[in-house]
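If you read the sequences in order, they're chains A and B.
Last residue of the first sequence: 444 (my numbering), numbering continuous.
Last residue of the second sequence: 782 (my numbering), numbering continuous.
In short, the hints are calculated from the structure, not lab data.
Among the hints, a few may not be true.
Unchecked claim - Pair ranges (Cβ atoms, derived):
#1 B/Arg696 <-> A/Leu421: 19 to 25 angstroms
#2 B/Gly774 <-> A/Asp46: 47 to 53 angstroms
#3 B/Ile760 <-> A/Met281: 54 to 60 angstroms
To be verified - Which stretches of chain A does chain B cover? Using the computed rule of at least three CB atoms under 8 angstroms from a CB of chain B, they are:
#4 54 to 64
#5 67 to 73
#6 188 to 202
#7 362 to 376
In this text, a Cβ means the ideal position worked out from N, Cα and C, and glycines have one as well.
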Amino acid sequence: MFDAVLADRWQFGFTIMFHYLFPVLTMGLGVMIAVLKTVQLSRADDRYGALARFWAKIFAITFGMGVVTGIPMEFQFGTNWARFSHFAGGVVGQTLFMEGVFAFFAESSFLGLFLLGEKRLRPVVHWLSAVMVALGAVVSGFFIIATDAWMQHPVAYEIVNGRAELTSLWGLLTNPYALWQFPHAISGSLVTASMVVAGVGAYYLLSRTFENAGRLCVKVGVISGLVFSMASLFPTGAVNGENVTRYQPVKMAAMEGLFRTQEGAPIAIIGMPDTERHELMDPIFVPRALSYLAYGDFRAKVVGLDDYPPDMHPPVELVYYAYHIMVGLGTMFIAVMAVAAFLLWRRTLFTSRWLLWILMLALPFPYIANEAGWMVAEVGRQPWIVYGLQRTAAASSTNVSGGMTWFTLLGFMGMYSVLALLYLFVAGRIILAGPEGTEDGERS
Amino acid sequence: MINTLWFLVLTVMLAGYAVLDGFDLGVGALHLLLARTPAERETAIAAIGPVWNGNEVWLLAAGGSMVVAFPHLYAAAFSGFYLALMIVLWLLVLRGIAIEFRHQVDHPMWRDAWDVTFCLSSALLAVLFGAAVGNVLRGVPFDIEGNFRGSFALLLNPFALLCGVLSLFALGLHGAAYLAMKTDGPLQQRARRSVVPLWIGMVVLLAAVTGASFVVQPGFTGNFARWPVLALVPLLGAAAAISIPLFRRSGRDTATFLSSATLIVCVLGSAAAGLYPRLLPGLPGSAISGLDIHNAASSARSMTIALGVYLFGMAIVIVYLVNVYRVWGGKATTGYHA
């Protein structure tokens, strides 16, 4: 009951998933704010400036939440995963350290300038600080994904005295796994930001408050939402999937619920994995589609779970459902955004209340899709913490007991529940107060 | 050689953190005492508002440099002091949201609640960081694998507590000097008046800690005997300590603050000079003598690559930190964010 590794995994899983709720918005929103500032400057249109100021308030509290929930992530490598730090610190430390030096310093310094310095700075410098904040957030994401990608597909290392040593920084930063995982995650983040912007805009139109700003939010959100929901599927999602097939075939088998190796493997649209009988229950198949997606050949052989010993399997159900939720939601996002973009082009979107309702209520779902995607990546890597090199069970701290970690996990849960309420309360107030109060409103 | 350079880098990062986040921790711990009216509190917070977040990054970067250069130290120290570390994390969370959220609702009770949270979490963090340094100087009971289990009794030993209180006074002094430099009016007067009492407490505690350190860590003077030039660090610290009340008396607020910063750097520098090459010594009776820059290090190649990254990265960081602090130069006003 007080299994230490299980407690460590729960604590890391809970704290990372809670943490990611915030950067998933800020990475994309930072880019959108930088674009709004660019439009404001290039067209000398202050409507975009007012919108940038409004979203900067949301950005600020979200960024703050991301910072405070992010600090425990780095520290847990030491507190709960001491044997992992000991084994892999020389490699993953590089990217974690680079995130601090190259991203956090820039992000935090320029965020202060961007949020509080509009009156003190020349417009171009203020625009530059918005760009630097966006760049910092995206670069920060890159270093974290380079760290994760090394754990998914270790490269540029050699094992000396039982520890991983870095052999090439360039190799670590150009890990082929990272090169598609990174744009996929950024694309997912931009979908989130787009749908949040569109959703809030739809709320303004539906409630007939701040309608000018609402129209602008919906327009910007729908256009970028369409672009990035498609980019999440192709090319970033598709090539990322090919990488999984290439480097972690057993994860791909779990994602698709493919128990037996077969030529011309199908994709199950629906179906429940039955890990006792080793088959999908009540599946609806698209014949041969998986072989084509994985290898570009309808007859290609795809490896199934049964080719691997059971102690190499990830928890199949979790990976399978998470993957199907991500793909299913992603498909729906494309559909919704395509319809919305069509109506935007026909100039009827702002009066199509049924679609505005959908846009507003769709707001939570990109969060679910992003979290599900990360579950596929991380749960699907199990039982390894570093794929093929170190098992998760052999990576925890030996001097921290399970009971201790359950205790601190409950502490995190309690504190994070309060944080979540506070965040929603404050974000709700900012949204209700609306974008036009920026001139004499509260500071963020 | 590369191990020694990383010891130096780690010292620089931690000293940088102590100096920079030190003043905003100090302002946090003191602002309820020094700032009496809501407007004054607003000014005190405004003085650190644009920079506290960046200051905290030094802690993350110090953590990052520990992972990459001395992974075993990171693993052993953080897991050994598990609960204490978790409390530090929770306090950092509370402190961060307090300063972020206090402006979000315009209601005096909302602000008071967050200001008290900010004050208490800042003060406790100052004590805990001091206690952490104290425990690093004192050492921990390692087992044969180089791990230890830190209980509260072990963590909160008298020497560490003494260091914790010293840290509270030193950072309080640092924060008061910062407020004296960055504000004006009654708040500035009160900040100025608090410098000398805090300085007296700090000097007494510093003398006590220095004396006690010879008892808890008898080998501490060895490095100073071997490389007498190292004695310049504590001597410079002593000079900085003496100059603080003198600068205060002559009304030179910026010089007072810089002296306080120099003092903090020199205290930590002296501790590092005494520790070298040890990173976390073992208490008497430990199965191993402790972690040092060799047995806790990652490979020479990993460290060399990371040092190149570090020097390149910090060169960029310094360029824009200088510029950021230049933008926020001058007196803080409550209206700056409107």
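Structure-based check of all given hints:
Roughly 47 angstroms separates the CB atoms of B/Arg696 and A/Leu421, a value that falls outside the hinted 19 to 25 angstroms. With their beta carbons about 28 angstroms apart, B/Gly774 and A/Asp46 fall outside the hinted range of 47 to 53 angstroms. The hinted window of 54 to 60 angstroms between B/Ile760 and A/Met281 holds, with their beta carbons roughly 56 angstroms apart. Only residues whose beta carbon comes within less than 8 angstroms of a beta carbon in chain B count, and the segment 54 to 64 of chain A has 3; three or more means the coverage holds.
For a cut-off of 8 angstroms, the count of residues in the segment 67 to 73 of chain A with a CB near a CB of chain B stands at 5, and the three-residue condition holds. Beta-carbon proximity to chain B at under 8 angstroms applies to 0 residues in the segment 188 to 202 of chain A; the threshold of 3 is not reached and the given coverage is violated. Given as covered by chain B, the segment 362 to 376 of chain A fails the check, having 0 residues with a CB less than 8 angstroms from a CB of that chain where 3 are the minimum.
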